[in-house]
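Q: The lines below spell out each chain.
4 protein chains.
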Amino acid sequence: MSKSTLTVGLIGYQFMGKAHSNAYRQVNRYFDVPYQIRMKTICGQSQEGVSRACDTFGWEQYETDWRRVVDDPEIDIIDVSTPGDSHKEIACAAADAGKMVWCEKPIGNTLSEAQAIRDAVKKSGRPSVVFHTYRFAPAVALAKKWIDEGRLGRVYHFRAVYLQDWITDPAFPLVWRLQKSKCGSGSLGDIGSHIIDLGRYLVGEITSVVGQMETFVTERPVLESTSGGLGSATSGSAMGQVDVDDATAFIARFRNGALGTFEASRFAMGRKNHNKIEINAEHGSLVFNVERMNELEYFENAAPSEAQGFRTVQVTDGVHPFTGHYWPAGHIIGYEHTFINLIVEALRALEGNRDPSPNIEDGLQNQRVMDAVERSSNSKQWVNL
Amino acid sequence: MSKSTLTVGLIGYQFMGKAHSNAYRQVNRYFDVPYQIRMKTICGQSQEGVSRACDTFGWEQYETDWRRVVDDPEIDIIDVSTPGDSHKEIACAAADAGKMVWCEKPIGNTLSEAQAIRDAVKKSGRPSVVFHTYRFAPAVALAKKWIDEGRLGRVYHFRAVYLQDWITDPAFPLVWRLQKSKCGSGSLGDIGSHIIDLGRYLVGEITSVVGQMETFVTERPVLESTSGGLGSATSGSAMGQVDVDDATAFIARFRNGALGTFEASRFAMGRKNHNKIEINAEHGSLVFNVERMNELEYFENAAPSEAQGFRTVQVTDGVHPFTGHYWPAGHIIGYEHTFINLIVEALRALEGNRDPSPNIEDGLQNQRVMDAVERSSNSKQWVNL
Amino acid sequence: MSKSTLTVGLIGYQFMGKAHSNAYRQVNRYFDVPYQIRMKTICGQSQEGVSRACDTFGWEQYETDWRRVVDDPEIDIIDVSTPGDSHKEIACAAADAGKMVWCEKPIGNTLSEAQAIRDAVKKSGRPSVVFHTYRFAPAVALAKKWIDEGRLGRVYHFRAVYLQDWITDPAFPLVWRLQKSKCGSGSLGDIGSHIIDLGRYLVGEITSVVGQMETFVTERPVLESTSGGLGSATSGSAMGQVDVDDATAFIARFRNGALGTFEASRFAMGRKNHNKIEINAEHGSLVFNVERMNELEYFENAAPSEAQGFRTVQVTDGVHPFTGHYWPAGHIIGYEHTFINLIVEALRALEGNRDPSPNIEDGLQNQRVMDAVERSSNSKQWVNL
Amino acid sequence: MSKSTLTVGLIGYQFMGKAHSNAYRQVNRYFDVPYQIRMKTICGQSQEGVSRACDTFGWEQYETDWRRVVDDPEIDIIDVSTPGDSHKEIACAAADAGKMVWCEKPIGNTLSEAQAIRDAVKKSGRPSVVFHTYRFAPAVALAKKWIDEGRLGRVYHFRAVYLQDWITDPAFPLVWRLQKSKCGSGSLGDIGSHIIDLGRYLVGEITSVVGQMETFVTERPVLESTSGGLGSATSGSAMGQVDVDDATAFIARFRNGALGTFEASRFAMGRKNHNKIEINAEHGSLVFNVERMNELEYFENAAPSEAQGFRTVQVTDGVHPFTGHYWPAGHIIGYEHTFINLIVEALRALEGNRDPSPNIEDGLQNQRVMDAVERSSNSKQWVNL
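Going down the list, the protein sequences come from chains A, B, C and D.
For the first sequence, our numbering assigns the number 1 to the initial residue and increments by one for each residue that follows.
For the second sequence, our numbering assigns the number 386 to the initial residue and increments by one for each residue that follows.
For the third sequence, our numbering assigns the number 771 to the initial residue and increments by one for each residue that follows.
For the fourth sequence, our numbering assigns the number 1156 to the initial residue and increments by one for each residue that follows.
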């Protein structure tokens, strides 16, 4: 194996830690990429938790102090997959140590944190990655290709919802994702940031927004322990204030004249991971839904009028982006494969001396949009970016 | 109003009587057809029932003796919409009297009855109609057009199910549609005949069949009265034997080499009127479902491979068959419009001195297929037609 | 026929005139309503057009001067189905003459016109109707029933789009629906008003809005003649300014705390009549789309967790609102039936001495919302109602 | 890591070799199963091919002579993933050597081969596995659970199609899957066997069948080399006879009285991996389609009649079979996970001293059904099992 090796240190071992670990483990199994990934160190605060994760996910060793990972001269990539409140400190330290920063989204809990991370990365001169993985669903990659080829023409509408329902029960406890100090915002940062990224990726920059953030359940039971996980409240728990948004809706104008509508909510009963976008353009329309992520709906205006209709393209054929590397047509892939695909693209970019895309600049721009939405919700006015 | 008038006498006033009445009433409201329909007489056995139907459906007068309708010199068309056991007598008398016979399907309860009707009609030399109305769903008419144009190429598969669930409850009584003496057969004649017709219409003649007829619930409560309607059994009702099929499945070979599968059942829980067909052919595929009758699913093999997929054509645009006469694109029509469309085609045929299609010959050929299926189910062997 | 008769004079004979005529003609054929409708007079400016409509749609006589219809003492109901710029004059005259005013939506081209009509109707003391017919799709009526019964609980989200694509071609001419003087607004009034009505009907009053109106194609070919119809531009036509919105998006807050998003567009390629709403509430969710108007998607939170999912209720069974009067389960109805159903409800209200619903007050409230959206789009701020 | 280790030798490295390798590699990453899988040896005829597979898929070593793998005393499991014509020799040798036989389906190319394998396995007394992996789609596992719990009641109908389109082009060459000597049969064994297994799993044993096998394209270009892979024909290739079925349809009766229809085809244009089944039973219906394998459609007759409808259960929640081990609700899994899940079940069975299910007996019974279908197609009569 004469390939160059890239050695990874992963900070965080929960949901994202698991997904990233899988991607690092699998990427060389499916793709002939220019680098061999070495999964050296996984890091987390709980020794019991991280040691188990180390075994299960297939890392060489674990660590409980992220600084030791950042200081490890063998490590090329620091993957920041912790909750948002520690991103800035870890990412900046990693950048200062000359590591590549591969960071979960949103990159910071506030715009100023995101700015600090971007500045540190820029100063380091190293390539970076931000994990907006939905770009790498083959169907989204196909949509992007078609838009870039001009198949769609001028875009009039971008319409996006990201709907979940996991906190609709008022007895659901005040986990870290519901505490502004830990996560920065609620549905906006957690899921809204994904549809903002899809909008930027597929349509272009957003120039102004007006939005409304809502908190439907304002008090929730406090968790005994905040040691990670979703936890559960004991009956008779004290109640604490929810200080993040349960749902956020906003209207946006894009630089190219398109009109955008965005809605992120964790109060959409029955919607589990309903990240659905629609683009209406001059020559056709596209619809994508993460829950059926192997499909792209496409309306082509050039078809003979009696034969027009939205078609469901199964984006699983060898001719589609990423798909030939897994299974034959019609044999679907899942959520985890978007992470593998992202890493494929990142590795190809590194070999080509291109900065991977999306990178820390995308992370920052994403945060600027979220910040503008939040200011708009407070001021009750449109905010320019 | 200088148009020629065609005067109708309708025998039967239940479900089909209502649907036919609506079609006669509406056809001149939407289409500029060559004849003005005059709804003169509706006929039924129950004076109370038929007099109410006369008022409600908009007929000039009612009658309780069908022979008087057949004898009326003003009447051009005898529409036979009674249960199957009276078709032969009425239709033959009408034909002998020189009337046009417009007959509900299946035209007879047995092949010999169907043959007798066909012979009488042929002898009369008058045009005829059989009400296989699903041909006239705009989506089916579009499918036929595309097949005739060669857009699909050689057909490999015809796959059809007609599924309902209205008799799944074992306590549902022994209505006329469950008595062989009244209706000839069960699911086969009532709904199976529709998918046989769609197969013949879209793919061509069937040359051999092998089939299986099943009766899942063999005894049911006897109705007190058999005076029409679905009725209801009183508790403690006597039980009677079900002598028709609850479900029938058969495999068929078409003259053009296509392989057909057909299934008709009234025991498909949750399926209300699930008349769904799929055609797989050399250049593409088509799917149609009566429950979404304004849509035709179409797969076109000629599309670029990365953009292929089943598209849902909303067959509601002015460019589609029949559709420009009702409402703008996207404003759907319903079940009853298939009857109107059939009459439009029949009237146009009459003006052009063509025999309407489908006509009594189609009714007979349909019955031959059903007869072969029944014989196959008994003999446990393939039967040639 | 001992029923009371209600005599109608219909002003307008284009798309809405056709749909209303059908409803008046059919209502007594399917429903045992307390009144017999008499279709006396249809009125339009073009003698050629209205005389043909009179014959085709089944009216007793036609008229070219609406004042003569308003003055006819036999007429009980003046149905106002003209373009918006004549509503105020006709409706007020009809009300002043003591007629019932049954008016198409939006009732006026401006809030002040709507106010004037409401005041005249109120002064007349007569019952009124506004044709927000989508309330009468059986699936919507079922949704309303369930919400009123408490089956859904507190509503969190109302999400509505009404998407069409008939003016996406920049060569499409400057028809009356694109001229503010004729129609008041573009997508907002024509289709946005429908989803506003569904929001008010199902969720309740809107208290504040922020919106954005967009015109993507600002100049279009002028039509030679403005004599109604969609017309077509001759090549070399002069260009005229489009002064109405091609698309409008707005966010709304409802009195009960729900968050609403609304989007109306005629630039959504491939969407023909995509009037789709979603409600997310405490105990479940509902989705309805006019293009599949016989279906209601329903998520019920009370189902066992392993068996939860959005179900597609075919709202065609006899147990559902309005449906038992047409065809058996699974035999769908279409667009035109919503008008019939509205008239059924109106006639039942009249018999019960209730004001029909929706009535002129709903028309006015609808207009207040549209007016607020327009002001918000101009001021770039939220507007309270 | 104190877990027992099970050491695998995998014979075959193409499509199934890749899928099995992934499953062995991933199973311990997601599930806390009682055994640790050791991926020792992968075996194939082409040294170049298998050495690359060894590296890519993560095996310790490769081998080109399967007998050396069977003879390796360290190896516990011989996984037979070669084309059907070598199954018997390898599987019997492995069984004779006392190894566990884990075998791809169909286990033999003929009934007598399958019988021989079963006998050898039985004689060995070792547990066995047959890779009918679709049982382990979470949605299918859920369906099985519900049926076993009695939630569905008596089953009336099982309706299955497995449709693909990869050989519709007559220029597609005569690959091994189209040569009876290599693969035993065409669509019947390759894909039909899957739906037979789903029928047996969910409904029970089949007692009689009548079927029709069709070959639409009877001659195809011969491949230059038969060294595996799909290959491509050079122009001017000699033509060879296709001696397997392009499509097979059959009707079946189940022991419990249910009526089954089965259709497997590689000539269904636009269908890529359309393995779709429907069950209609006393208390409800189920629909499953591999192309949307994270979803189970369910109709529940016990729901209030006005709220009945087919619901789409996203089988991705922690409460569903297998699903809690991967990702949160709504984050879908793919084709490859069915193999992981099968191995989980097998390992749990081994620990519990139960024979895994499905095992070699299922493989044999599956083959009996296929054999009966083939005899029926030849004799044109029903065949009893």
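Keep in mind that the hints are not guaranteed to be accurate.
[To be verified] Straight line, CA to CA, 30 Å or less: simulated DSS-like cross-link-like pairs of lysine-lysine:
no., chain 1, residue 1, chain 2, residue 2
1, C, 773, A, 380
2, D, 1431, A, 276
3, C, 810, B, 425
4, A, 3, D, 1195
5, B, 661, D, 1431
6, C, 1046, B, 425
7, D, 1535, B, 765
8, A, 380, C, 1150
9, A, 40, D, 1300
10, D, 1337, D, 1277
11, A, 276, C, 915
12, A, 18, D, 1173
13, B, 765, D, 1300
14, D, 1300, A, 18
15, A, 145, D, 1173
16, C, 788, B, 425
17, A, 40, D, 1158
18, B, 565, D, 1195
19, D, 1535, B, 661
20, A, 40, D, 1195
21, A, 276, C, 1046
22, B, 388, C, 788
23, C, 788, A, 380
24, C, 1046, B, 661
25, B, 661, D, 1299
26, C, 773, B, 403
27, C, 788, A, 180
28, B, 388, B, 403
29, B, 403, C, 788
30, D, 1300, B, 661
31, C, 1150, B, 403
32, B, 765, D, 1431
33, A, 276, C, 914
FYI, nobody ran anything at the bench for these hints, they're computed from the structure.
Given the structure is predicted, the values throughout are model-derived calculations rather than measurements.
Q: Under the criterion that the straight-line Cα-Cα distance not exceed 30 Å, is the pair residue 773(C), residue 403(B) satisfied?
A: holds (22 Å)
Q: Tell me if the straight-line CA distance from residue 765(B) to residue 1431(D) falls inside 30 Å.
A: holds (27 Å)
Q: Do the alpha carbons of residue 276(A) and residue 915(C) lie within 30 Å of each other, as the hint requires?
A: With a Cα-Cα distance of about 29 Å, the restraint between residue 276(A) and residue 915(C) holds, given a limit of 30 Å.
Q: Given the proposed pairing of residue 1535(D) with residue 765(B), does the C-alpha separation stay at or below 30 Å?
A: Within the cut-off at roughly 9 Å; holds.
Q: Below or equal to 30 Å on CA atoms is what counts here, so check residue 773(C) against residue 380(A).
A: Since the Cα atoms of residue 773(C) and residue 380(A) sit roughly 57 Å apart, the hinted pair is violated (cutoff 30 Å).
Q: Are the Cα positions of residue 1300(D) and residue 18(A) separated by 30 Å at most?
A: Holds, at roughly 29 Å.
Q: Against the 30 Å threshold, does the CA-CA distance of residue 661(B) and residue 1299(D) hold or violate the hint?
A: holds (26 Å)
Q: Is the Cα-Cα distance between residue 40(A) and residue 1195(D) 30 Å or less?
A: Holds, at roughly 23 Å.
Q: Would you mind confirming whether the straight-line C-alpha gap from residue 788(C) to residue 380(A) stays at or under 30 Å?
A: violated (44 Å)
Q: Within a Cα-Cα threshold of 30 Å, do residue 403(B) and residue 788(C) meet the stated pairing?
A: Holds, at about 23 Å.
Q: Given the proposed pairing of residue 276(A) with residue 914(C), does the C-alpha separation stay at or below 30 Å?
A: Between residue 276(A) and residue 914(C) the Cα gap is close to 26 Å, so the pair holds against 30 Å.
Q: With the threshold set at 30 Å, check whether the alpha-carbon distance from residue 388(B) to residue 788(C) stays at or below it.
A: holds (22 Å)
Of the numbered hints given earlier, the model fails hints 1, 6, 9, 13, 18, 23, 27, 31; all others are met.
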